[in-house]
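Note that the protein sequences, when read in sequence, are chains R and P. Reminder that position 161 of the first sequence reads as 162 in our numbering, one-by-one numbering, no gaps. Reminder that position 44 of the second sequence reads as 461 in our numbering, one-by-one numbering, no gaps.
Hint data in this document are derived by calculation from the structure and do not stem from the laboratory. Take these hints with a grain of salt, some might be off.
Part of the chain R face toward chain P, derived, beta carbon under 10 Å [what the hints assert, rightly or not]: (1) I47; (2) D49; (3) L52; (4) V108; (5) I160; (6) H231; (7) V233; (8) V235; (9) T236; (10) Y238; (11) A300; (12) I349; (13) R353; (14) E365; (15) G426; (16) V427.
From the derived model, a few chain R residues whose C-beta atoms are all more than 10 Å from chain P [what the hints assert, rightly or not]: (17) T268; (18) I297; (19) N367; (20) R406.
Label pairs and their calculated CB-CB ranges [as the list claims (entries may be wrong)]: (21) N602(P) / R310(R): 39 to 47 Å; (22) A408(R) / S545(P): 30 to 38 Å; (23) R132(R) / A605(P): 58 to 66 Å.
Glycine included, every Cβ here is placed at the ideal spot set by N, Cα and C.
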Amino acid sequence: MNRLFLRRAWSVLVVASAAAALGACNEHLDAGSACPSLCPGLSVPIKDTLLSPVLAFDTTLVGYPSIGTEEGIPLASRGDTLDVRGVIRFDSLVRSFAPPSDTLRPVTVADTAILRMRLNLTQSRLPESVRFEVYDVDTTADDGDLAAVLALFRPGRLITAKTLARAEITDSIVFPLSSAWLLQRISSGANIRVGLRLVGSGPVSLRVHTVETGLQSEIRYYVSSDTAVHQVVVTPYSRTPAEPAALASDYRDYAIVAHNSLPGAGTTAMSTGGVPARRAYLRFNIPQWLLDSTTIVRATLQLTQSPLRGFDQADSVTIVGQAVAATNLITDLYRSSQILIPAGMFIIDSIRVAPADSGMHTLEMNSLVKVWKADTSVISPQRAIVLLQHEEGLHGGEVRFFNARAAASVRPRLRISYIPRVNFGVP
Amino acid sequence: MRRLLCTALMAAASAAPLAAQGALSIQGFGYPTGQASTRAAGTAGALGESDPGSPINPGALPSAGRSLFTFQMDPEYRQVRVGGRAVNTTTARFPVISVGTKVGTRGFLGMSFSTLLDRTWDASYQDSVSVGGDRVASTVSATVRGAISDARLAYAWQFSDKLQAGVAFHALTGANRMNLQRTFNDSATFGALSQRITLAYGGSAVSAGVVAVPVPHLALSASLRLGGTMHTRYDDSLATRGNVPNRLGASVSYDGIPGSLLVLRVDHEQWSRMRSLGTAALDVHDATELSAGAEIAGPKFQGLPSQVRLGARTRDLPFGWNGKTVSERTLAIGTGVNFARGWAALDVSLQRSQRKAAGLSETGTILSVGLTVRP
C-alpha cells in the first residue's frame with residue numbers, strides 16, 4: 002500500500018514539476034507597471050539643437066498654378082491695386098448639323114444663343130453692384146503673349162455686359178449673345194475666345210469655375226427651329242498652340258493678371274500666394290552628422306512672418322509645406338517646385354495666417370527629415386520644400402516670411418530634437 | 418492514469434498565470450542565482466559548499482564519486498507590489514550545467530557553466546518626455562536579455578577519505594542584449610526611437626576549496642574565490658572596468674543522525690568590487706548569506722533511496738534600489754530520487770523568497786528541476 006502510494010506521489014510530483022517548468026518556457030517578462038521607478042539604466046537623453054542658418058538657399062518663384070491647372074479663374078478688380086481677368090476659349094463651334102433622318106447641312110441659324118458661367122462665391126468680395134463684361138479677345142498673337150490679349154479688353158471688343166446687384170449674383174450667370182454675331186463667327190470659321198472682366202461699385206473679387214473644377218463655362222444655341230434638333234452646347238476648347246499638342250488644353254480657360262500693385266518681396270523675404278501665385282523654395286543644408294549619427298525625434302521649421310500691408314491683408318489663408326520630390330538631377334527650380342509630394346505627407350501641419358500678421362510660425366517636418374536621412378542614393382530627392390498657399394492662385398493676399406538673407410533673429414531655423422547614438426544599459 | 422493527466426493539466430494551467438516578479442531583484446547587473454544545483458537549492462543553498470553539482474567549491478568535486486553530468490531548469494515566478502498594484506512576471510533560467518569525470522583514482526576534473534547574475538526582463542510603460550519644449554506622451558518598451566555567466570574549469574584531489582581539495586579557474590563571460598524603444602502617441606510629429614545595444618562582459622577569477630572530515634560525522638567545507646579584473650564592452654570598445662567579486666564561504670555538516678544530513682553555511686561575497694563596472698549611480702553592496710538546511714533520507718523508490726530536503730536562507734542582494742539594500746528571505750523544500758539503477762537522479766526543489774526594500778515588496782518562487790547522470 003505504501004509503495005503504491007509512493008509511486009503515485011512521485012509520478013504526480015514529476016509530472017507537475019515538468020508541466021510547471023514547461024509552462025515557464027512561455028516567459029512573461031513584462032514588468033512595465035513597476036517602471037520607470039524599477040527600470041533604471043535605460044533612459045537616453047533627448048537633446049535639442051537649433052540649426053541657423055539651415056538653408057543652403059531660398060528663392061521665390063512666380064506663376065502658379067501654371068496655365069491650365071487653375072481651379073477657378075480669380076476675377077478681381079480692386080481699383081488701382083489688383084486687376085485679374087479671365088479668358089475662355091471656345092474653338093469648337095458646331096458649324097454643321099444633321100436633322101433627324103436627314104443629311105448633314107451647314108449651320109445657317111444660331112438662335113437663342115447664351116454664354117453661361119458658373120461662379121464660386123466662396124471668399125468672394127462683392128460690392129453693391131458688379132458689372133460683368135465679356136470681350137472678344139480672339140487674336141492671332143502667340144498664345145503666350147498675354148499683353149496682346151489684355152490689349153483686346155477695349156470698348157470696341159465688348160460682346161456683352163451685365164450689371165447685377167449683390168443680391169442677384171448667384172452661382173451662375175447667363176449672358177445673351179447676339180445671334181448675328183455668333184452666326185458670323187460660325188460661318189466664317191472663326192473661334193470664340195471671350196475675355197472676362199469685373200467692374201464693381203467697390204472692390205470686387207469672385208471666382209469663375211474652370212474645366213478643372215468640372216463646372217466649366219459653355220455656349221448654347223439652337224441651329225434649327227425643328228424641336229427634334231437638340232440645342233448645341235459648346236464647352237471650352239483650344240486649338241492652339243498646335244505644338245506641343247498637349248499644351249492646347251491648358252489654354253481652354255485661364256487667368257491674366259492685368260495689374261498687381263503689391264511691391265516685390267525684396268531681398269530679405271520670400272513670398273507665398275497672391276495672384277499670380279508665388280511659391281517659396283527652401284533648400285536645406287542639414288549637417289550630415291545629425292542625419293547619420295542620431296535618431297531625430299522632432300524637426301520643427303521656424304519661420305518668421307514679414308507683415309504685408311495691402312489688399313486682403315486681413316484675410317486668413319493657409320500656407321502648406323510640401324516636400325520636393327524632384328531629384329538633384331533637375332536643376333530648374335521652377336520645375337522642381339512643381340514636382341512635389343502631396344500635401345500632408347511628411348509635412349503634416351500648416352500655417353493659418355493673414356498677410357498682415359507677424360511673428361514666428363512653425364511646420365513639423367520630422368518625417369521628411371527621416372526620408373532625407375534614409376535616402377542617400379545619387380538620385381535622391383532634393384532636400385527641399387516648397388511653401389505655397391492652399392487654393393493657390395485664388396486669393397489675392399500674399400504671405401511673406403523672412404528668408405535666409407534676413408537678420409539672424411528672423412531667418413528660417415530648424416529646431417531638431419535628437420537622441421545621440423549613445424551607449425546605454427550600464428547600470 | 419486519469420489522476421496523472423489531471424495533475425498535469427492543473428500544473429500546466431497554473432504555470433502561465435503564476436508569475437511573480439519584481440524588478441527589485443534585477444537591479445544593477447541582475448539577480449544572483451547563487452549557482453546552486455537543484456539539490457543544493459532544496460536546502461536554500463546550505464549544501465552549496467559540499468555539493469559536487471554546485472560550481473561553488475572545487476574541493477567538493479570528488480564527492481560525486483564518479484563521472485557527473487547535471488543540468489537544471491529554474492523558472493521563477495515573481496510578483497512585485499508597487500503602489501498597491503501587483504506586477505507578475507515569469508522568467509526561465511538554466512543556471513547550472515556541469516560535467517565532471519574522475520582522473521585516475523583520486524583526481525577529478527570538472528567543467529561547469531553557471532549564471533552568476535541574471536539580467537532578463539521586459540518592460541512596457543507609459544511615460545512623458547520633454548521634446549523641443551513640449552511635454553509629449555509616449556510609450557517606452559525596454560527589453561533586456563542575458564546574464565554574466567561563470568565558466569569554471571576545476572581540478573580536485575582526494576587526499577584521503579577525510580580530506581579533499583580543489584582549485585579552479587573562472588572565466589566570467591556573457592552579455593546583456595538590450596533593446597529600447599520609445600514611440601510617441603503623436604507619431605506624425607514625433608519620430609520613434611529604437612536602439613539596440615549589446616553590453617558584453619569579460620573577467621576572470623581563481624578559486625580553491627577544501628572538504629574535510631576532522632571528526633566522524635562532522636564535515637567542514639570552505640572555499641575562496643579571488644576575482645581578477647572585469648570589464649564591459651560595447652561591440653569592440655571598452656565601456657567600463659572593474660573587478661570580479663571575491664567570495665569566501667564555509668559550511669559545516671553533520672550526518673550523525675542516521676539518514677540525515679544537517680548543514681549550516683555562511684557565505685560572504687564582495688560585490689562592491691564591481692562598483693566601477695557600473696555608473697556612479699550603481700548601488701552595490703557586499704552581501705553575506707546565512708543558510709541552514711537538512712537532507713533526510715526518504716522512502717525508497719523502486720528500491721533506490723530518495724531524499725527530502727528543507728532549508729532556509731537570509732541574505733542581502735548585491736544591488737540596492739533607491740539607496741536601500743534589498744533583503745531576501747528564502748524558505749526551500751526539495752526532493753530527489755535515483756532511478757535507472759542509480760545511474761541518474763531527478764531532483765526537484767521549490768524556493769519561496771520574500772524581498773523587501775524601501776517599502777516595496779516582492780515575492781519570488783523558483784521551481785528547480787534538475788537531472789543528474791552518473792555514467
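Right, here's what the structure says about each hint:
The criterion of a C-beta within 10 Å of any C-beta in chain P is met by I47(R), whose closest approach is roughly 6 Å, and the hint holds. Taken as an interface hint, D49(R) checks out: its beta carbon lies about 6 Å from the nearest beta carbon of chain P, inside 10 Å. Look at L52(R): its Cβ only gets to about 13 Å from chain P, farther than 10 Å, so that hint breaks. For V108(R), the interface hint is violated, since its Cβ never comes within 10 Å of a Cβ in chain P; the closest pair sits about 59 Å apart.
Contact between I160(R) and chain P, as hinted, is not supported at the beta carbon level, the nearest pair being about 52 Å apart and thus beyond 10 Å. Contact between H231(R) and chain P, as hinted, is not supported at the beta carbon level, the nearest pair being about 53 Å apart and thus beyond 10 Å. For V233(R), the interface hint is violated, the least distance from its beta-carbon to any beta-carbon of chain P being 52 Å, above 10 Å. Interface restraint check for V235(R): the shortest CB-CB distance to chain P comes to about 47 Å, outside 10 Å, so the restraint is violated.
Because the beta carbon of T236(R) sits about 42 Å from the nearest beta carbon in chain P, more than 10 Å, this interface hint is broken. With a least beta-carbon distance of about 43 Å to chain P, the hint placing Y238(R) at the interface is violated under the 10 Å criterion. The interface hint given for A300(R) is met, as the beta carbon of that residue sits about 8 Å from the closest beta carbon of chain P, less than 10 Å. The interface hint given for I349(R) holds, since its Cβ lies 5 Å from the closest Cβ of chain P, which is under the 10 Å cut-off.
The beta carbon of R353(R) comes no nearer than 17 Å to any beta carbon in chain P, farther than 10 Å, and the hint placing it at the interface is violated. Annotation: interface hint on E365(R) holds; nearest CB of chain P at approximately 5 Å, less than 10 Å. For G426(R), the suggested interface contact is upheld, since its CB lies about 4 Å from the closest CB of chain P, less than 10 Å. Interface restraint check: V427(R) against chain P, minimum CB-CB distance 6 Å, threshold 10 Å, status holds.
Look at T268(R): its CB is around 31 Å from the nearest CB on chain P, clear of 10 Å, so calling it non-interface holds up. Not every beta carbon of chain P lies more than 10 Å from that of I297(R), the smallest distance being close to 6 Å; the non-interface claim is violated. At the 10 Å boundary, the C-beta of N367(R) falls inside the reach of chain P, the nearest C-beta of that chain being 5 Å off. No Cβ of chain P comes within 10 Å of the Cβ of R406(R); the nearest lies about 26 Å off, and the non-interface call holds.
Taking the beta carbon of each, N602(P) and R310(R) are about 41 Å apart, inside 39 to 47 Å as hinted. Remark: the range hint 30 to 38 Å for A408(R) to S545(P) is upheld by a beta-carbon distance near 36 Å. The supplied range of 58 to 66 Å is broken by R132(R) and A605(P), whose beta-carbon atoms lie about 48 Å from each other.
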